[in-house]
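Enquirer: Sequence:
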Amino acid sequence: MEFCPKCGCVLVEKNKEFRCQRCNYKSKSKVKIESTEKIELKPQIGIITNKDTDVFPVINATCTKCNHKEAYFWTSQTRSGDEAETRFFRCTKCKHTWREYH
Numbered sequence: 001m002e003f004c005p006k007c008g009c010v011l012v013e014k015n016k017e018f019r020c021q022r023c024n025y026k027s028k029s030k031v032k033i034e035s036t037e038k039i040e041l042k043p044q045i046g047i048i049t050n051k052d053t054d055v056f057p058v059i060n061a062t063c064t065k066c067n068h069k070e071a072y073f074w075t076s077q078t079r080s081g082d083e084a085e086t087r088f089f090r091c092t093k094c095k096h097t098w099r100e101y102h
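Counting from 1, one number per residue, gives the positions in the sequence shown under the working numbering.
There's no promise every hint is true.
Stated by the list, open to error - Straight-line alpha carbon distances no greater than 16 Å define the calculated EDC-like cross-link-like pairs of lysine to aspartate or glutamate that follow:
hint, residue 1, residue 2
1, K28, E17
2, K26, E13
3, K28, E40
4, K42, E17
Calculated directly from the structure, the hints in this document are not laboratory data.
Given only the sequences and the hints, what does the whole structure look like? Please build it.
Expert: Shown next as structure tokens:
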């Protein structure tokens, strides 16, 4: 990139000539325009699998499928706000999921 020696503006190509937009200076030589860019590598984003998402508390509950005595537990508001939450359970052994309404 070249600059005008008179006013310091960037020389712009117009009709195969490089001229200053401000003072109409005309470059006598060919102008070489170069640009560079630095690209930095960013760290990769980790992928979460189903095994990594089992962070629920474990309680004593009998699985309806395999009769195992431990299950993960969480609640969610599945109906209107004035009704009780729905409790969900997931067996720690066979991963069977069931719910309990109150």
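Enquirer: Now tell me, hint by hint, if it's right for this structure.
Expert: Okay, the hints, checked on the actual structure:
1. Distance restraint check for K28 and E17: the Cα-Cα separation of roughly 9 Å lies within the 16 Å cut-off, and the hinted pair is therefore satisfied.
2. Distance check on the hinted pair: K26 and E13 sit about 10 Å apart at the alpha-carbon level, within 16 Å; holds.
3. A C-alpha spacing of about 38 Å is found between K28 and E40, which places the hinted pair above 16 Å, so the restraint is violated.
4. This hinted pair does not check out: K42 and E17 have alpha carbons roughly 41 Å apart, beyond 16 Å.
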